[in-house]
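Asker: For chain A, the structure is supplied; the task is to place chain B on it using the hints.
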Amino acid sequence: MRLEQLLSTRGLVQQTPNAYEIRDRARLVSPQPIKLFYGETYDEKGDTIDSIKYYLFVAELADALREEGFKVDPVILVADIAACRNVTIELHNRYMVLGNDRVRFVEQVNEVYGTDLRVVRMSEYIDSSWFVQKREEIMQICEADSILMECIEKTVPESKVDIERKNGFLYSFDEIATIIDLDVKVGPPREDLYDTIARLIAEKIVTNGIRSLFLTPTFPLGMNWAYFFANEGIEEHGITAYKAGSKQLHRHRVIIGRSNPDYIKQLITDSFISIDSSLPNPVLDVGIISEMARKRLEHDPSPIILADDFYSGKITPDELKDTVGENVEKYVLLKF
Amino acid sequence: MADEERRKELEQIANEQHDVKRSARVKELAYYPEKIKEFGAKPTERFVRYHPNPSRLMRMGITFAHKDLESIADAMASNKPWAVVSGLNPSGSLHFGHKQVFDDLLWLQEQGADIYIPITNDETYVVGKAQSLAESRRIAYELVIPSIIAMGFKPEKTHIFVDSDYPDIYNIAMDVSKYLNLNRILGVFGFGKDEEGENPGTIFYRGGVQLAQILLPQYEEFGGPKPTLVSVGIDQYPYILLARDVARRKDFVNPSAIFTKFALGLDGKGKMTSSRPESAIFLTDDIKTAEKKLKTAYTGGGVIASFQKEHGGVPEICPVYTIRTYHFEEDNGVAEDCSSGRALCGSCKKDGIAQVLAYLEDHQAKLPEARKRINEYLLNTQVRSILR
Chain A
2 MRLEQLLSTR GLVQQTPNAY EIRDRARLVS PQPIKLFYGE TYDEKGDTID
52 SIKYYLFVAE LADALREEGF KVDPVILVAD IAACRNVTIE LHNRYMVLGN
102 DRVRFVEQVN EVYGTDLRVV RMSEYIDSSW FVQKREEIMQ ICEADSILME
152 CIEKTVPESK VDIERKNGFL YSFDEIATII DLDVKVGPPR EDLYDTIARL
202 IAEKIVTNGI RSLFLTPTFP LGMNWAYFFA NEGIEEHGIT AYKAGSKQLH
252 RHRVIIGRSN PDYIKQLITD SFISIDSSLP NPVLDVGIIS EMARKRLEHD
302 PSPIILADDF YSGKITPDEL KDTVGENVEK YVLLKF
Chain B
137 MADEERRKEL EQIANEQHDV KRSARVKELA YYPEKIKEFG AKPTERFVRY
187 HPNPSRLMRM GITFAHKDLE SIADAMASNK PWAVVSGLNP SGSLHFGHKQ
237 VFDDLLWLQE QGADIYIPIT NDETYVVGKA QSLAESRRIA YELVIPSIIA
287 MGFKPEKTHI FVDSDYPDIY NIAMDVSKYL NLNRILGVFG FGKDEEGENP
337 GTIFYRGGVQ LAQILLPQYE EFGGPKPTLV SVGIDQYPYI LLARDVARRK
387 DFVNPSAIFT KFALGLDGKG KMTSSRPESA IFLTDDIKTA EKKLKTAYTG
437 GGVIASFQKE HGGVPEICPV YTIRTYHFEE DNGVAEDCSS GRALCGSCKK
487 DGIAQVLAYL EDHQAKLPEA RKRINEYLLN TQVRSILR
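Protein chains in written order, with this note's numbering: chain A, 2 to 337; chain B, 137 to 524.
The shape of chain A in the complex, shown without the other chains:
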């Protein structure tokens, strides 16, 4: 798929630098490869189809740039250290093991869909001297700048600000040090805050600054219109893509290797969808992921037009649900 086509995929890409900016960055860092990055944590509830959305997108972006002759380094970060931060000490070891599972999952995706994503674990570099040094440098810059420190505070939920302040906001600085020298960072829109701070700091240490590319938010399946009506703000933020248990909604997610296809079809049938493109459309989202999967399996380079077809009325809501139910089973669930 051509870069422009990929970046303008309706229903998949929410905000992106334009193709010229990405090419400029690739030229700027040449002969080094342009670093494309997606990072995620995880939980005990399993690997979501929504993670595959990000993996396949990073892979497609890498392929599109390679076709134009650029060197590319597509990286998936499994943030095991970050995942362990929210669990008790007793669960720490279990979560590190779950990190192994997530790494294997990305490797499986590489095998099934012929992608070449490089998997990195946060634990591999977090204590390395180069990373600690980079983090120290960032901390010093922020501590000397009250506005930046205010921004850092905002990355922490209000209830945890005091604890984090005692820890010197170490976790937030780990995140920023991880992303500060990336080229293109793919993620959900809710990561905008970290990305913005990283760009502000990058200006001070004269690095290039990351380009953020946000895919559309993730929504639960099988929920009626009343659920979406009652959850104000869900349109902007959705639920956490890579954590199946986000908001305790794991029964409303497609979990690879666990979800029964018939159950998922029923969830799809029961899902709220609207022909208003500004409203959440969880079915279309799964449909686009399945379409990305199909295209890789069938080596089909054509653009993804499922959202265009749906919102222009070429496909009715019922047809969309039927198609997506079949495709998610065939091109995703049965492949694992």
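What the hints contain is simulated information worked out from the structure, not anything from laboratory work. Each hint should be verified, as a subset may be incorrect.
[What the hints assert, rightly or not] Below 30 Å or equal to it, Euclidean Cα-Cα: the simulated DSSO-like pairs (lysine-lysine) are:
no., chain 1, residue 1, chain 2, residue 2
1, A, K266, B, K173
2, A, K248, B, K178
3, B, K173, A, K155
4, B, K178, A, K155
Answerer: Leaving out everything else, chain B in the frame of chain A:
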């Protein structure tokens, strides 16, 4: 010369009136957003975006705000039991101001609600709007209830009661009143300096009976606690707060509310009300009376056609415009035609009159049959649970 002077005089009057009407529009447009802010209610736009088939009044922003509609939406979407309460005071026949509320109730019934309609003839009497309880009962049974039935409510999901003829409501009023005290009621309703002049019946009505009506569907005999929606004008928000307070203490579901804009009076002096008969089209008005009221109605237009063509009218404060759009049609450019000066009041009134008269003819033709069916709609369930 005299003609020229007369023309100038008329233009001056038109200018002055136009300024007054535009000022009124500013006030009218600001009123409801201010109330939303004041009471912490939410606009209904979000509901309209998500509901598969929202009511016309919601789409048009006439039912403009809500409190806690989320719990109702959940019941609506999941086919769980829920109820709607909307009472009215039988001081005379229903008018178009009532009709707009009942239009929304019909839609709510289509969405699955059981509709409870208390006819508050006790209030009518204690506040002095009826000479006797007997008169208020006559109005309820002869004028109000048949009109409600003629609007098309389903008997199996409609529960009408006249307060004085449904004494169980007073037992419930006693039950809920023990969760309140006089200070709280006076604080909410602000009887103020005249409170000593209020009769005890009024205070019991406001602090007991009104809340009993709102909470009635949640008593055991009606299936127990359930989401309950109250359809009221925004000025009645304090009742909702009191009812929510009592509901919490009784382990009931907190009542929700939707708020509807007031219908504008045809006399241009405020809201449509039975207390100013010329302000209202009553559903029992004969055709000639209704036509005359509309022909002579205050409008948002100018006193001379040339002025209106040039400066346009002010539809937001025009009762004819609101009757047309609240009751009969989506805006479809009516406001734009008015404010741009393309349409004048004469043609607008003509369209409005045709719509109103057609409705009245149809409605009044249904009344004889409706009168025969009153018993199908009357609530007679005895509430014994609080007496055990």
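Asker: Verify the proposed pairing of K248(A) with K178(B), using a straight-line Cα cut of 30 Å.
Answerer: 24 Å, holds
Asker: Does K173(B) lie within 30 Å of K266(A) when you go C-alpha to C-alpha?
Answerer: 43 Å, violated
Asker: For the pair supplied as a hint, K178(B) and K155(A), is the alpha-carbon distance within the 30 Å limit?
Answerer: The hint holds at about 27 Å.
Asker: Has the given pair, K173(B) with K155(A), been kept, meaning a C-alpha gap of at most 30 Å?
Answerer: Holds: K173(B) and K155(A) sit about 28 Å apart, inside 30 Å.
The structure fails to meet hint 1 from the earlier list, while all remaining hints are met.
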